[in-house]
Amino acid sequence: MEKQVEVPPGLIHFAMLDDVLNMARANSLWPMTFGLACCAIEMMATGASRFDMARFGCEVFRPSPRQSDLMIVCGTISRKMAPAVVTLYDQMPEPKWVLAMGNCAISGGPFKFPGQYGIVEGADKLFPVDVYVPGCPPRPEALIEGILKLEEKLRGKRCFPTVEAQ
Amino acid sequence: MSTDAQSVLNETFVLNLGPQHPATHGVLRIKLTMDGEYIVDADPVIGYGHRMHEKMGENRSYAKFLPNAGRMDYVAALFNGHGYVGAIERLAGITVPERAEYIRVITSELNRLSSHLLWLGAFLVDLGGFTPLLYCFDDREQILDLLESVTGARLTFCYYRFGGVCNDIDDDFVAGSRKFIARLRSRMPMYDAFVTKNIIFRKRAEGIGPISAEQCRKYGATGPVIRGSGIAYDVRKVEPYSVYSKFNFDIPVFPECDCMARYKVRVEEMVQSMRIIEQALDSLPTGPVMAEKVPRTLKPAKGDCYFNVESARGSFGVRVVSDGSENAYRLKLRSPCFSNMSLFRECSEGMLLPDALALLGSLDLVIPDIDR
Amino acid sequence: MKIPALKSKFEAIAARGAPAPVAGAEATAPIPLVLDTPHANKGIDLDVTVPAERVVDAAKIMDDAKFMIEAITGVDWLAEHQLEVVYDFTHVESGERVAIRARIPRDKPELPTISHIYGGANWHERETHDFFGIIFTGHPQLIPLLLPEDAKFHPLRKDFTA
Numbered sequence: 032m033e034k035q036v037e038v039p040p041g042l043i044h045f046a047m048l049d050d051v052l053n054m055a056r057a058n059s060l061w062p063m064t065f066g067l068a069c070c071a072i073e074m075m076a077t078g079a080s081r082f083d084m085a086r087f088g089c090e091v092f093r094p095s096p097r098q099s100d101l102m103i104v105c106g107t108i109s110r111k112m113a114p115a116v117v118t119l120y121d122q123m124p125e126p127k128w129v130l131a132m133g134n135c136a137i138s139g140g141p142f143k144f145p146g147q148y149g150i151v152e153g154a155d156k157l158f159p160v161d162v163y164v165p166g167c168p169p170r171p172e173a174l175i176e177g178i179l180k181l182e183e184k185l186r187g188k189r190c191f192p193t194v195e196a197q
Numbered sequence: 003m004s005t006d007a008q009s010v011l012n013e014t015f016v017l018n019l020g021p022q023h024p025a026t027h028g029v030l031r032i033k034l035t036m037d038g039e040y041i042v043d044a045d046p047v048i049g050y051g052h053r054m055h056e057k058m059g060e061n062r063s064y065a066k067f068l069p070n071a072g073r074m075d076y077v078a079a080l081f082n083g084h085g086y087v088g089a090i091e092r093l094a095g096i097t098v099p100e101r102a103e104y105i106r107v108i109t110s111e112l113n114r115l116s117s118h119l120l121w122l123g124a125f126l127v128d129l130g131g132f133t134p135l136l137y138c139f140d141d142r143e144q145i146l147d148l149l150e151s152v153t154g155a156r157l158t159f160c161y162y163r164f165g166g167v168c169n170d171i172d173d174d175f176v177a178g179s180r181k182f183i184a185r186l187r188s189r190m191p192m193y194d195a196f197v198t199k200n201i202i203f204r205k206r207a208e209g210i211g212p213i214s215a216e217q218c219r220k221y222g223a224t225g226p227v228i229r230g231s232g233i234a235y236d237v238r239k240v241e242p243y244s245v246y247s248k249f250n251f252d253i254p255v256f257p258e259c260d261c262m263a264r265y266k267v268r269v270e271e272m273v274q275s276m277r278i279i280e281q282a283l284d285s286l287p288t289g290p291v292m293a294e295k296v297p298r299t300l301k302p303a304k305g306d307c308y309f310n311v312e313s314a315r316g317s318f319g320v321r322v323v324s325d326g327s328e329n330a331y332r333l334k335l336r337s338p339c340f341s342n343m344s345l346f347r348e349c350s351e352g353m354l355l356p357d358a359l360a361l362l363g364s365l366d367l368v369i370p371d372i373d374r
Numbered sequence: 245m246k247i248p249a250l251k252s253k254f255e256a257i258a259a260r261g262a263p264a265p266v267a268g269a270e271a272t273a274p275i276p277l278v279l280d281t282p283h284a285n286k287g288i289d290l291d292v293t294v295p296a297e298r299v300v301d302a303a304k305i306m307d308d309a310k311f312m313i314e315a316i317t318g319v320d321w322l323a324e325h326q327l328e329v330v331y332d333f334t335h336v337e338s339g340e341r342v343a344i345r346a347r348i349p350r351d352k353p354e355l356p357t358i359s360h361i362y363g364g365a366n367w368h369e370r371e372t373h374d375f376f377g378i379i380f381t382g383h384p385q386l387i388p389l390l391l392p393e394d395a396k397f398h399p400l401r402k403d404f405t406a
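If you read the protein sequences in the order shown, they are chains G, B and H.
Here this note's numbering is used: the first residue of the first sequence is 32, the next is one more, and so on.
Here this note's numbering is used: the first residue of the second sequence is 3, the next is one more, and so on.
Here this note's numbering is used: the first residue of the third sequence is 245, the next is one more, and so on.
Hints in this document: simulated from the structure, not taken from any laboratory.
Predicted, not measured: the structure shown is a model, and the values here were computed from it.
Each residue gets a CB set at the ideal place from its N, CA and C atoms; glycine is no exception.
There may be inaccurate statements among the hints.
Said to hold, decoys possible - Below 16 angstroms or equal to it, Euclidean Cα-Cα: the simulated EDC-like pairs (lysine to aspartate or glutamate) are:
| hint | chain 1 | residue 1 | chain 2 | residue 2 |
| --- | --- | --- | --- | --- |
| 1 | B | 239 | H | 337 |
| 2 | B | 33 | H | 393 |
| 3 | H | 402 | B | 60 |
| 4 | B | 248 | B | 100 |
To be verified - Here are some chain G residues the structure puts well away from chain H; computed CB gaps all over 10 angstroms:
| hint | residue |
| --- | --- |
| 5 | 80 |
| 6 | 157 |
| 7 | 195 |
My request is simple: use the sequences and hints to build the entire structure.
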């Protein structure tokens, strides 16, 4: 179910203005509350008091897809749910981004087995995904790193230091 | 009144709630036939989170199913794990050493606390109050730190094994648990003043969403739902399993049958869980945490059995049928949320929509537990 | 203890006969019809096998004795060409459990619904129908519950291939 979307190239490019717009978009991503399964709880934990996604601008979770620009697919997409997910993606206005959180959204996760009848093996089978955050479920720190990666993709450079493993 | 005006007044419309909705705790869809703001009929459509757990129980060995158990009701994953390993231990005749049983009780009750804290925050968010969520998640993170140090996971625990637990607890865990219980005990009056006595919450919960005891019996609703309707049914007391019979704790029962009664049951259960954890820590025996001579590939004898535990949401049961091979022949997972949700249609008739959402919140549903 | 009283009521139904095994199926030992089982080993106190057409009477006995419906599920006995439906009941005060079983032939998997006695059976029967294709005659809404609305497959049958 690959959808090729033809985006016409812009006639006029405003370099500085594009940079400012991209920085604004990156600093204020509005996620859609789209918890499907277990990863939704870790997304809630990321938005709650200890990990606090609001520091990075993603505080405003919009229930309506028409007011959001980031869809965090957290959880398994079942075949019954797939049309609804695609409808929600289509309802989001451009520019929009998708973050696949958790192994189920990346590739079906622990529920992919030969002869499976119920799930879609990954969100990228339905629509293009920008950032993949692996884990089952990924820790809130991992989700924040995924958001920062998306912001790096928008801005062109990363604003926050990378944590080095010790 | 003219017949035209009468027919306009009697018109109903269909409102679709979900499957993406901030108040449905997952992917639940309800087809509401509405008469203005009153619900004429609420037909829940589930299955949007169906992840084939029962099928997976048949095509993999008993041990390989252990991670699945934590992913059904992921908020209270240790109970599902306990139900599953308990059923297989009962079938295969494996005895669990005492220290392992105590550790199971301690970690399960900590999981009950974290599940109820999450429910409290989410319930208040459903009713429109966002702040308690932040307080509840703060306490919950402390529990998750403790459980992570022992199990390695924050949410979807896979800690119990056939014959015991896979990792022993250390002194840091015991000291940390005691410190946490002291902290949570000191915060309960804050929650009481902040939430329980809050006039807006009381108006949204008192007298709302009545579920009678007879309805609970006909639909199989267990857990805080049946205890909020006046029936003292708790698997830990009525069908004791593990070492629960060694502890002194009460079963909170409230007869009012409304959302406030179910709320009070859960808050009181948190207090009782803290009592159980303290008693278990005080009397924790030494010894092994794994039974000896548990075969690596379990092949229980032919037959079937049933085992159930008191999960945070109700009675979680497992019926396992074995044909002597290393895979189960049939694994039935009796989910408490499934039965609790099934009475929603009958109970929500004639309710206002916000009241029905309060009822839905007070049932404490985790949709992947319903859909399995 | 309600089990002794229930036992005699069930013996009246169960004694009317178990379904005859299908020719060509594996021969099995005769199923004991009403069995006391130790709770600590099996998790249930009474194990009853009734003919498929008598499940409504069995459910009425359970309802009169004020038992709560716990679960309804199916088991696919492919080698014996039979499907089995297992009803689990529990009593909230005493913790006693009763399991009622009924066997139906795989080619014509039908038995009456008990959803007019126990409201909770409505969803359990829909789920069993989803997974095994068992038709509960008289059910008010036997449409897919967990599977998609247009699903025509029954995944927990042993001969199911995706």
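Broken hints, by number: none
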